[in-house]
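Q: Residue numbers (the numbering used here), protein chains in the order written: chain A, 1 to 323; chain B, 324 to 829.
It should be emphasised that the hints constitute simulated quantities derived from the structure, not laboratory data.
The beta-carbon is built from N, C-alpha and C at its ideal position, and this holds for glycine as well.
Each hint should be verified, as a subset may be incorrect.
[Stated by the list, open to error] Partial pick of chain B residues on the chain A-facing surface, computed with a CB cut under 10 Å:
1. 404
2. 636
3. 638
4. 640
5. 653
6. 657
7. 672
8. 677
9. 678
10. 686
11. 692
12. 698
13. 699
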Amino acid sequence: MTKAVSGMASKKLLLDNVVWILIIVFSILAGFLNPFFLSEGNLQNVLVQATTLGVLVLAVSFTLLIGEIDLSVVGNLVFSSMVGAYAMQQFGVHWSLAVLITIAAGVLVGLLNGYFVAYLRMNSLIATLAMGLFLQGAVLGATQARTMVVTDEGYSYIGSATIGSWPVMPIALFVAYLLAHVVLAYSAWGRNLYATGGNRRAANAAGINVKRARLGAFTASGFLAGMAGFLYTSYLGGVSVTVGSTTLLYAVAAPVIGGVSLFGGRGRVIGMLGGTLLITVIQTGLQLINVSAYYIQMIGGAMILLAIAVDAFRIRSEERGVV
Amino acid sequence: MVIADGTIVPDSLAQNGANAVLTVDNIFKRFGPLAVLDGVSLSVSRGAIHGLLGKNGAGKSTLSNIIAGLLRLDTGSILLNGEDVSALPLTARKKRGLHLLSQHSEIFEDLSIGENLLLPDLPRRYGLTNWAALHRLAARQLESHGMPVDPRRRAGDLGASDRRRLAIIKAVAAEAALIILDEPTAGLAAAERLHLLEWVESLTKRGTSFIYISHHNDEVRQLCSEYTVLRDGKVTASGKAAELSADAMARVITGADVAEFHRAREDHSAAIEISGLSFPGGGPVDLAIGRGEIVGLVGLLGEGPQELMRALGGLLPIKAGAVLIDGREVRLGSPGQSLDSGIAYLTHDRIGEGLVGSMSVTENLNLGNWPLSLGWLVSGAGMNRRMREARGAMEIVMGNGGQEIGELSGGNQQKVLLGRLLERKPRLLLLDEPTVGVDVAAKEQIHRLIDDATTNGVSVLLLAQDPEEMQRLVDRVVIFSKGRIARMLHGAEITIDAIAEARTAR
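Sequences are here, hints too, so could you generate the full structure?
A: So this is what it looks like as structure tokens:
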């Protein structure tokens with residue numbers, strides 16, 4: 001009996017952390033084909049690349065935890081960073097105020113999404129998809145597809161500065177994940193999100209204000225999308241409407257790869273980080289081993305399928321364990 | 324047959340084995356440490372209605388689920404028409420004519436009656452559904468089974484008893500050899516009940532056999548030709564229904580293994596006042612509840628009692644009226660407000676509305692009422708302290724607080740839910756089927772916990788399907804009809820028979 005239980009527990013531990021195993025396996029493989037992959041320089045590269053995606057992944061995860069989804073995060077990223085850049089260019093506001101404006105624009109979009117879903121009971125999949133299309137389309141119209149360049153040194157500090165030989169940008173990633181972990185795992189608000197996602201009716205009956213929790217999740221998502229907008233613009237030194245559509249797919253796939261349930265109520269922050277890193281490692285690895293750029297998307301898709309298949313296996317074995 | 328100490332020695336199975344449609348032999352089933360079925364045998368004769376009796380938690384549902392193939396047995400065998408089906412899945416048993424119709428038989432509300440009847444084998448032409456043939460075929464089947472309704476009507480518009488008829492006809496039309504009926508008359512009025520029973524009896528003339536699960540001993544005596552009684556997972560009696568008196572039947576069902584809890588009735592000073600309260604499905608209701616008093620609510624499904632509870636608990640909107648606690652009006656409108664006002668509702672739907680399955684036992688105990696540190700962080704120490712206290716006070720059987728709530732038995736889950744509510748120090752506790760799906764021992768413990776709460780001054784409204792449970796717990800019974808209070812039972816008027824009768828009469 002105890003042997004079986006400990007066997008099950010270690011199997012569960014393995015399956016819960018499968019994303020880290022995949023990261024290691026893929027890194028060794030890529031390092032074997034191109035030793036530069038395992039160098040310090042590439043580690044920095046991976047972490048910098050992971051920062052914007054990682055914050056977007058957090059944004060999507062907050063809504064996944066309540067059993068909904070926010071597909072407007074990329075549209076929101078483009079929109080909010082454009083608003084911040086515009087404020088600097090046209091009104092000459094100080095960069096620090098521009099950062100706040102960028103994030104405030106993201107929050108506003110999140111609040112609107114939350115109101116649609118929590119209070120008007122609109123379907124989040126379609127409502128946020130439409131919102132994302134609207135925002136990206138609005139920016140496209142306003143800028144006529146031109147890139148807006150940001151030259152302010154304060155605004156671009158975090159995206160370009162280094163300490164010693166190390167870039168500053170990944171600090172933002174780790175701070176964001178640390179804060180998200182504290183909020184989701186330990187705050188009453190965070191536990192209410194998990195309860196709402198796990199069983200909305202039960203959360204409501206236990207006295208949790210479910211509508212407010214759902215509004216809060218979308219607002220947090222908007223806040224993080226605005227944050228990602230700032231980081232993205234800071235890193236690239238400008239903002240263009242043509243953020244790849246694959247970014248959104250990766251931002252949705254990463255949490256799921258990291259064990260966040262699409263049905264709500266389950267998912268750990270460390271898993272979200274793992275999902276982000278796995279996708280980034282795959283992308284940069286494929287570039288380094290000279291896979292033709294035309295095949296990268298295909299291989300990326302296949303890797304995500306594999307990760308989700310492993311996740312489905314985990315869920316099935318959990319269900320069998322319970323019955 | 325020998326009757327001694329309220330037990331009857333089972334008939335030998337071989338006696339009617341040759342003519343048996345179903346023979347269940349020596350089934351064992353455990354859930355964790357608990358033996359739910361402990362060597363159960365029974366045999367159903369062809370064309371018979373076989374009553375399966377027992378209290379809540381005796382193992383009736385587990386046994387019927389095992390026979391139908393919803394649950395796997397640990398050891399034992401199931402012979403259907405002489406063939407061992409115990410290793411076959413549910414669908415294969417259905418093909419061989421074994422059907423289970425549960426209390427909430429699944430009908431597709433938005434499909435027509437005809438589709439419900441003929442799914443999944445709808446008549447086709449050119450690969451498409453042949454609606455004309457479907458309706459013709461369905462109408463013929465409904466007609467010949469004594470239920471002449473238009474098959475084109477939406478199935479969701481049928482009344483409760485017609486829904487059950489539809490499910491039964493579907494099984495009979497599929498040439499069922501044996502149909503297991505789990506509480507088919509639950510929630511029906513007396514006249515409808517009788518009608519449904521007579522109709523079931525008429526179906527046996529076609530050779531269909533039934534296993535009939537019921538709380539109503541009188542129904543079983545009236546309808547069934549043979550019976551089996553389960554108590555704590557063992558067969559305590561079986562035989563021909565006609566040979567058993569009503570008293571003897573009650574005795575073998577109840578047994579004497581678990582000390583039953585009976586509450587001492589007394590008078591109470593008023594504490595809660597409900598005045599002119601209207602809500603969807605009922606009202607206006609005026610009711611005063613004493614300090615420490617338990618008031619039982621009785622009525623048909625949808626006739627007010629449950630709606631009253633859900634409105635008080637903040638789960639249904641209140642249209643008019645007021646609720647006063649110690650003379651002060653309280654604000655209601657959402658579960659959060661009700662809980663803050665001192666009114667706590669214990670749901671009948673533990674899985675759907677009570678527990679969060681993805682969370683731990685400790686988190687479920689503290690749900691929505693988190694002990695805080697620094698004003699915003701959930702205090703792990705605070706949660707664990709409450710868990711320790713609840714575990715000790717309520718005798719919750721569990722591994723550790725971190726395990727998922729789904730791993731506990733129904734009774735222990737229910738204690739966690741009750742513990743969550745009691746932590747709020749409520750003045751009025753609304754108990755909607757507090758012991759549904761709970762084993763016998765946990766049921767008595769929960770009864771004691773409820774009684775303990777009342778000695779601390781908590782007032783209680785109680786809803787319970789089982790008249791016996793209600794009779795043992797309540798100080799007063801309020802009978803609802805069409806959303807309003809029709810009359811009350813006091814003191815010596817509160818008998819099991821009076822409650823059972825009030826439940827079904829309009």
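Q: Indicate, hint by hint, whether the structure satisfies it.
A: Hints and how they fare:
no.: 1; hint: 404; in the structure: violated, 29 Å
no.: 2; hint: 636; in the structure: holds, 8 Å
no.: 3; hint: 638; in the structure: holds, 7 Å
no.: 4; hint: 640; in the structure: violated, 14 Å
no.: 5; hint: 653; in the structure: violated, 14 Å
no.: 6; hint: 657; in the structure: holds, 7 Å
no.: 7; hint: 672; in the structure: holds, 8 Å
no.: 8; hint: 677; in the structure: holds, 6 Å
no.: 9; hint: 678; in the structure: holds, 6 Å
no.: 10; hint: 686; in the structure: holds, 7 Å
no.: 11; hint: 692; in the structure: holds, 7 Å
no.: 12; hint: 698; in the structure: holds, 9 Å
no.: 13; hint: 699; in the structure: holds, 5 Å
Checked against the numbered hints given earlier, the structure breaks hints 1, 4 and 5 and satisfies all the rest.
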